[in-house]
Each structure stands twice: as C-alpha cells, then as structure tokens.
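K.L.:
Given chain A, work out where chain B should sit, using these hints.
The chain contents come next:
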Amino acid sequence: MPHSRSLLRVARRITSNIPAAEDLVQEALLRAWRSFDHFEPGTNARAWLFRIMFNAFYAQGRKVRSSPVLVPLDDPVAQSEVKSSSGPSWTDSAALARALDALSNEHRTVLTLGIVEGFTCREMAEILSVPIGTVMSRLSRARHALRERLAPADSEFGHSRSSAACAEREAS
Amino acid sequence: MNCGEVTYLTPLYITGELDARRSAEFDAHLKSCPACLAELERQARLDARLREVVFAEESNAIRVDRRVRELIAAEAATGALPQMRPRPRRWVKPALGIAAAALLVIAAGYQTLLGTRVARVYADAAFDHYLEIVQHGPRPWLTDPAQIAALAEQQGIARSAVTALASRGYHLDRGKLCFLDGRIFLHLVFSDGAQEFSVYLRRRDARPLPGPAREIANGMPLCTSDIKGEHVASVESSTLLAVVVTDKSSDAALNFARFASAVL
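Protein sequences appear in the order of chains A and B. The opening residue of the first sequence carries number 1 in my numbering; numbering runs sequentially from there. The opening residue of the second sequence carries number 1 in my numbering; numbering runs sequentially from there.
If you are wondering where the hints come from, they were derived from the structure by calculation, not from laboratory data. Check the hints yourself; a few may be wrong.
[Unchecked claim] Partial list, computed: chain B residues near chain A (C-beta under 8 Å):
#: 1; residue: Pro11
#: 2; residue: Leu46
#: 3; residue: Val54
#: 4; residue: Asn60
#: 5; residue: Val64
#: 6; residue: Leu131
Remember, predicted model here, so these are calculated numbers, not experimental data. Ideal Cβ positions, reconstructed from N, Cα and C, are used throughout, including at glycine.
This is chain B alone, in the form it adopts within the complex:
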C-alpha cells in the first residue's frame, strides 16, 4: 500500500470499515511511513477538537421534543394520523391483477383482509420501546426505586402497584414518563434476567384501552398486538391501564400481562 492509497482509504480506516487484509496493509504502511502516521495523528486531533466544539454548542432539543409531542398529541386527538398500516403482502399483487371483481372486494376490505388495524396507543408503545429500549436511546432514566415510586404517585399510581410488579422474578430496572397516544404514561422497565419488558402505566380515565379481549385473566380483559417485531399485551384493572411491550415473544408479553392482572 502506498501513500496515495493510504490517503484514499483513511476514512474507512478511521471508521473501522476496512477488511482485515487491507487494515493490516494500512497498519504496515503507517509503521514504515512517519509522514502518513503524523498526518493521521493530526487528523485525529482535529477530529477530536471538532467534536468538542460542536458538542459544546447549545441546542434546544427539549423545545423541539415538546413541539413534536404536542403535534403528535393534537393530530392523534383529531384522528388525522393514519393507523399503523400493514404493508401489502407480495402475493396479493398478482391476485389483484387476476380478477377485477376480487380487486374491488379486496380494496374495499383491505385493512381487515390483510391485517389488523393497530390502535395508536399500542403503536406508540411499540415505537417507544423499540427506540428507547432496543436501540438504547440516550434518555435520562430514574433508577432509584424510591424516586420511581414518587414519580408514580405524582401520576396517581399507587407505590404498591410498582412494588407488586417488581416481584416473581421481575426486577424493576428504571423508569420515566412518556407520551403514548397523546397521554402521559409512566414507563417502567423490568427485567427477568434475560429480557427487558417495557410496562406503560397510567391511572384509568374515561378512555379505556382499545381492542377486543384475547382472554380474561383475574376478571380483567387482556388484549394483544404484534407490531413490527414488538409484542404488545395490555391489561386494564379497576384503577390502572397497563401496556406491556417486549421484543422477545408474544407469549412473554402475554405472560407479563397475566402476571400484572394478578398483582394490580
């Protein structure tokens, strides 16, 4: 590898995108070329300085977040936003082309024939769980159980509910507030040692959790939805709404919801 190739490949070297062979050749060149090595070091210093300067700039992400949440809440309240739409399956297109009559029928009943509409609150919960738990979104969480319990009480949720959920092998890991379908929920993250579960809690109000009950557990309706790899189960007690999300399996979500119905 010569100096020209090193210059060209430097962006890939810095980001670790060179394959093993070329990375070894790059390293070998640096060992034998003080000029290229010095250049790379200067570049690394400038990169670090640039990051420092840009990261130090003030930005009002909180204001933007608030505006986005308000817009989402407003649009959701007016029903202007579309529901989560299942994408047409590939085999449907030829079928549509074969019979015009079938086209009309399928087009008319598209949403119900090809998939189930998903309520906004469940779609929001799945999206939130994916971005903040699966993708580890950089969010401030409360990890002190006493602080989490205090936050729950502020939302009208009894401390005992939080404590009860952290039992039978489920450990409370962290908590914060979030918006689902334009309403504030307490987002708690539990772990069973192998998997994390998001549990979105809210004091029951005039709007019940939507969807037909999959089963009745301990006298409470349990609903389930699978949304893009996230498994959602909900339970509604006399005082609380709880939405459980996990990326493990629909059974795992349902089992947590059954457990919640027993302790809430």
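Chain A extracted, bound-state conformation:
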C-alpha cells in the first residue's frame, strides 16, 4: 500500500502505541479505499490519506488516546538522564526518540508531519483542520520544547541565540 510506512510513523507518534498505530493505519487505508470516489484527482493523495487517518483518529474519540511514556525504574539509561544536570544529548538516538515521545501530542504531531514527513505548513493545516498560523506557532513551540528536553546546556544544540542577544541586536 502506498504511504503505509509513512502513515505508520505518524500513527505511532499520535497513539504512542504500536498495535493501536497499526489499527489506525489499517482503518485509514480501508476508509481511503472505500471513499476513493470522493478523492479529487490532481490534489495531493498523500495529504488526503493523512487527513483520513487523522479524521479516523478523532472519530475514535481518541480511544487510542496516547498514553504518557512510562520509564521503567530499573532503566539505567533513563535513570542516568534523570540524574544528569545537563540532560540527554541530542546525538543519542534513544534519548532523542524519548524526548520526542515525551512531548505533548500536538507537538509530536507537527514535528513528525513537518520535519520527518516533510509536509508543508499549508498541507499540515489541511490535514489537521487548523489555521496555518496555528501550525506555525505549534511547530515553533514544539521545536523549542524538544530542545529544552534535550540539552538545555548543550552548546552545540541548546538555545545559544538568547533572547537577550537578539534584543540587543534589535536595539542597535
């Protein structure tokens, strides 16, 4: 099925649950197949499929509502992160995935759609049925939240462009 891998990546993020993500993608593809006569040729089929998936997600009343990421107490990696004063490094794949999963559902959604799947802000607005300005602000806040979780003191990745530096430049 075209795009099923891409749908699964996003479904995995909005459900935080692999079986629920597979069920959601399955439901979305079946709905798409059944309603192909409602598809407008010449429009973006990939965005259409994603919109169907999000509609299915909302229609389920969020029965597959995402649950918080549970960190086992005996997970040495997680424990070291808790103890670390500088937070996990963004170069660590597992830490980056956990930081993404720990964000709010809205933030995970826009980051996955926009950064991972490469949708434009306009396409995301259509998929999520929200104004484009909402997408832009969510994306900015999501990036900020992810970076906060990753490495607040990381010189490579942290917020080195301080508001003070910008304000100083704006004033000059």
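P.N.:
Positioned in the frame of chain A, the structure of chain B alone reads:
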C-alpha cells in the same frame, strides 16, 4: 525584517512557502545576523537528526498492508463494500426539490440515471494506477524483463504474452504483483514515450471481467470505464484477463486494449 519576524517565519522559510519578497528579506536578515543564521543551522542539524532517528525505527508496514488487503478481499467477496458511487451533479438538487414525483423516480433509479456503476475490479485498477503511477507511490518494482517474465510465469501467464505487449511502440518499463477485487494481478507498466499505461494481467478463471462490451476486437469483448480521471479499458482473451488504465484519454486506453486483443 527583524529577529522576531525571522523566528516566526522560519517554518515557512524551511518548507519554501515564503513568497519571493519575504524570502529575499529573510535571506538578507540571515546575512546580517550571525545569531539567527547559527540558530537556523542548529535547527537544520536537529531536523536531520530527528528524521534519521524516526526513519530508523522499525515498523511492520508489510503486516498492515497484508491485513488491509485481506480485509478488502473479504469485504469485496461478500459484496459488503459499496460500488464506486458517482456524486450527484449540482443541477440535480433543484430538480429534486421541484417535483416530489420526480424525486421518487430519481431516487429509485439514482445509480442508473446519474451515472454508471463501476465494477470493483476497474475501480481498484484506477485507484492503484493513480496512487502508484500518477502519484509515484514508493513501491518496489521489477525492472529486469527476465525477472518480470519469470514473475508472469509464476502467475500462469506465458512469457510470450508479456513480450508481445512490449511491441509496436510500447516499451515495458516495470512490473510487480498487486490485488484487484481480491485477486492477484500482474501489474505491468508500459510507456509509449509520452504516457505510461498500467496493464493488469491475470490468467482467466471462473470470474470473467464484468461490464457490457463496448466493441468486439479480434473476437474479444472490450469494455471501458472512466473513473475520476482514470480511463480503464479491459479485454478478455481465451486465456487471459487484461485491464488497461491510463490518465491520458479513454481513446488511449481503448487503443491499448485493441492492441492487446491483437497480440494476446
């Protein structure tokens, strides 16, 4: 443009959605503001890393695909799925409101008055062609003619049939297997240099291709359907079923079907 505006517009800049004027202003600001430039570079590095991490995660798309295909096949077999439904044309609604008698008549004969029912196999072929050829769905294809011929033989289709279709200006480009109406078809993609044609082949079985014949070519019935911009033509030989789909024109689909009737 100031730093605040750059921060706000960064999502649109990254996705190329800024208009030319604001994009030039954005670029000009970056040239004069090392802090904003460094910020954008850090963001780009994080984006790349995030993509790398998420793409590396395992997902079982094959299992999901298989389940969806099984469900589609099961529902199609029981007839539970609706046929492709033509949407009511706008001018029909006032007409319905004018006369109650006409309403009853039209409602009773809705499907036949406003459009033609489309058989599932043709609807599936049109959908498959649109997603995988027109939209370039990321699917693994065989491109080696010898491998495609071997795949055809596995499905009970003679190599000579595949070879015969790749003649008279039609070039065989790629092939794979797919499901249409719950049955396996060999999906071949041919090109005439200007347009791609999907040809779905299957060894003839107890279920003939549906629909009234538009014409008889070389003793074989040819059927046609137009589905949401996709043009479908089918031909049934003594041994094979072939469904041709193109988004070019119904004549192009019909011409390929006539050609297929001559060589199959």
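K.L.:
Which hint numbers doesn't this structure obey?
P.N.:
Violated: none.
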